[in-house]
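Novice: Given the sequences, and given the hints that come with them, work out the whole structure.
All residue numbers for the sequence shown refer to this note's numbering, where the first residue is 197 and numbers rise by one.
Keep in mind that the hints were calculated from the coordinates and are not lab data. Be aware that a few hints might be false.
[To be verified] Quick list of in silico lysine to aspartate or glutamate cross-link-like pairs, EDC-like style, CA-CA up to 20 Å:
#, residue 1, residue 2
1, K543, E466
2, K529, E511
3, K529, E507
4, K549, D488
5, K547, E511
6, K345, E373
7, K527, E505
8, K543, E236
9, K549, D514
10, K537, E519
11, K444, D381
[What the hints assert, rightly or not] What follows is a list of derived Cβ distance ranges for each label pair:
#, residue 1, residue 2, range
12, Q251, L546, 38 to 44 Å
13, P496, Q206, 26 to 32 Å
14, R553, Y259, 29 to 35 Å
Think of the CB as a built atom: it goes at the ideal place given N, C-alpha and C, for glycine as much as any other residue.
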Amino acid sequence: MKLKIPENIQKIIPYKAGKPIEELKREMGLNRIIKLASNENPLGPSPMALKAISQFKKSIFRYPDGNGYDLVLALAERLKVFPSQVALGNGSNELIELLTRAFLLPGDEVIMADLTFSLYSMMTEVAHAKVVTVPLKADRHDLGTMAAKITDRTRMIFICNPNNPTGTLLPRHEIMEFINQVSSDIVLVFDHAYEEYVTDATYSNLIGEINRHENIVILRTFSKLYGLAGLRIGYGIGSEKMIETLNKVRQPFNTNLLSQKAALAALGDEFHLRASRQNNIDGKNYLYPCFDEMRIKYVPTETNFIFFEVEKGPELFDWMLKEGIIIRHIKGKQMRVTIGKPDENKKFTLKLKQFLRLQT
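Specialist: Dropping the structure here:
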């Protein structure tokens, strides 16, 4: 008998992560690789996080606190919510999976942008639900059209704000108008993975809305600004009913000891957070004029990456790999580059100029 794989699983295109540094070193025979593909913090983790890892590494033979009590309490205090309104995940990715597992039934519809984080559609399909996509408008979520797509089968809506991969931000008044249009039986997932990088002075988060709308959940991560992508730790904020539901469907020990301790320590390192934000601002101020000079179309970002377009996207991706630089090819002309350290940004723009000269 042949192995039977469900049809919905057969249709899924596996998530393609940024090319690993060690893999490229092996393939190209290079000693130094610049990775600007996965939106990691180029300054690395907080020294306080590294110290915590060293302090607790001898305890890894013990199971971790399954509820992550200390980290949950610290997050709740920081966010001014109750601990019962915070759920931890093995990265915010796991929380996306938990949401689709907990709330979706076969045949349900899930609305999302057509150009956004691909895990939303993947986990929707795993749950036997239907993906309903809405094209971006001016590189942002088109909330008006998303609202118009709601049917009696709509069960969940994903909004990535700022959006990955375009880096664009929705204004609060548009979001609030949208929230008030959506029925309370539809789960509204706001993915704020890049929120800590936002510099728009008019921006304000939605945490205050979780007590007024029990269908709202906000996702955040320690993988970006906090520099802990390799440890896989994220969290969700929502109503007590929402968080209780997520905790019902998660694994008993879904976050490990070292990730909990490192995240707790990183939360308190304001110096590292400020330095990381400033590096990002400086990077934008360097890269924007470079793109302008090269007449490359790009989208001003509220994140730690920049979305841009070149005529030969796949060729640029492959050429950069040969030069020891990993960036992200989205599709066609669409590219994304993580804002790195000054020397990394300089090397990237130098090689980009060389590539463009070769095309003329």
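Novice: Check each numbered hint against the structure and report the violated ones by number, ascending.
Specialist: 1, 13 and 14
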